[in-house]
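Those sequence lines, one after another, are chains A and B.
In terms of the working numbering, the first sequence is residues 1 to 112.
In terms of the working numbering, the second sequence is residues 1001 to 1116.
Do not take every clue at face value.
Not everything, but these chain A residues come out facing chain B in the computed CB check (under 10 Å) [what the hints assert, rightly or not]: (1) Val4; (2) Pro8; (3) Gly16; (4) Thr31; (5) Ser33; (6) Gln41; (7) Ser94; (8) Phe97; (9) Asn98; (10) Gln99; (11) Asp105.
Residues from chain A that keep clear of chain B, each with C-beta distances beyond 10 Å, as calculated [to be verified]: (12) Ala2; (13) Ile12; (14) Glu75; (15) Asp85; (16) Leu90; (17) Ile111.
From the structure, some residues in chain A lie toward chain B, with a derived Cβ separation under 10 Å [stated by the list, open to error]: (18) Gly28; (19) Gly42; (20) Tyr50; (21) Gly106.
Source of the hints: derived by calculation from the structure; they are not laboratory data.
Every residue gets a Cβ at the ideal spot worked out from N, C-alpha and C, and that includes glycine.
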Amino acid sequence: DAGVTQSPTHLIKTRGQQVTLRCSPKSGHDTVSWYQQALGQGPQFIFQYYEEEERQRGNFPDRFSGHQFPNYSSELNVNALLLGDSALYLCASSDGFNQPQHFGDGTRLSIL
Amino acid sequence: AQKVTQAQTEISVVEKEDVTLDCVYETRDTTYYLFWYKQPPSGELVFLIRRNSFDEQNEISGRYSWNFQKSTSSFNFTITASQVVDSAVYFCALSEAQAAGNKLTFGGGTRVLVKP
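Use the sequences and the hints to build the structure in full.
The following block contains the structure:
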């Protein structure tokens, strides 16, 4: 039973570029959330998708956008990258809203 | 707004010592969930436990135990007879059940270092 899988594992970009991160939820899960974790800090909620719609959003600018596909997989897009976007991006999935979220290994994004 | 505070940034112990991690939370909701996650150096957040706001019963799972006290808005976590493999960052988190989703609000984490 595969858990949450994220790709790529590492990514290096330069300021102003755009990036797309991908997530496949755990089998049987239909809800996907994205979190940003800066070095030495706790994860910060970006947004959550359910039934291909954004259900909740944290305090992140519009440069951060996402999508959920019919197979429940999800993408996180970040435009106009800033140095401050360097972080570990974590994807989590759950079976609806009443079950615990399970996390992937994350994508480490470095902005030069 | 919801908030989670983990006052201890780092705890260092010698193997077989007990270690207690503090977590204090703030929320206006009467129905909510509290969580603990473990983050080893590999980066993946590992789910340890979830408690709902109506269940203040303490829980023990192997060497792990949790003490939930609504009166003090605390959800503390104890590792008994610590082992080197327990070295990780531990996060306490809160989710408000009445929201449109189940977003997690995390504390800043407590790094636990268990020395042999």
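Do the hints match the structure? See the list:
Satisfaction of the interface hint for A/Val4 is found here, the shortest Cβ-Cβ separation to chain B being roughly 9 Å, below the 10 Å cut-off. For A/Pro8, the interface hint is violated, since its Cβ never comes within 10 Å of a Cβ in chain B; the closest pair sits about 14 Å apart. Against a cut-off of 10 Å between C-beta atoms, the interface hint on A/Gly16 is violated, since the closest Cβ of chain B lies about 27 Å away. At a threshold of 10 Å, the smallest CB-CB gap from A/Thr31 to chain B is about 7 Å, leaving the interface hint in force.
For A/Ser33, the interface hint holds, the least distance from its beta-carbon to any beta-carbon of chain B being 7 Å, beneath 10 Å. Interface restraint check: A/Gln41 against chain B, minimum CB-CB distance 6 Å, threshold 10 Å, status holds. About 7 Å separates the beta-carbon of A/Ser94 from the nearest beta-carbon of chain B, less than 10 Å, and the hint is met. Because the closest C-beta pair between A/Phe97 and chain B is about 4 Å apart, less than 10 Å, the hint holds.
Interface restraint check: A/Asn98 against chain B, minimum CB-CB distance 7 Å, threshold 10 Å, status holds. Evaluation of the A/Gln99 hint against chain B yields a held restraint, the C-beta minimum of about 8 Å falling below 10 Å. About 5 Å separates the beta-carbon of A/Asp105 from the nearest beta-carbon of chain B, less than 10 Å, and the hint is met. With a closest Cβ-Cβ approach of about 13 Å to chain B, A/Ala2 is found to remain outside the 10 Å limit, as its non-interface label requires.
Separation of A/Ile12 from chain B is adequate, the least Cβ-Cβ distance of about 17 Å exceeding the 10 Å criterion. With 10 Å as the threshold on Cβ separation, the claim that A/Glu75 sits away from chain B holds: the shortest Cβ distance comes to roughly 18 Å. In this structure A/Asp85 is separated from chain B by more than 10 Å, as the shortest Cβ-Cβ distance comes to about 17 Å. A beta-carbon of chain B comes within 10 Å of the beta-carbon of A/Leu90; the shortest separation is about 7 Å.
With a minimum CB-CB distance of about 18 Å to chain B, A/Ile111 clears the 10 Å threshold, and the non-interface call stands. The beta carbon of A/Gly28 is not positioned within 10 Å of any beta carbon in chain B (closest approach about 15 Å), and the interface hint is therefore violated. Against a cut-off of 10 Å between C-beta atoms, the interface hint on A/Gly42 holds, since the closest Cβ of chain B lies about 4 Å away. About 7 Å separates the beta-carbon of A/Tyr50 from the nearest beta-carbon of chain B, less than 10 Å, and the hint is met.
With 10 Å as the threshold, the beta carbon of A/Gly106 comes within range of chain B, its nearest partner Cβ sitting at about 5 Å, so the hint holds.
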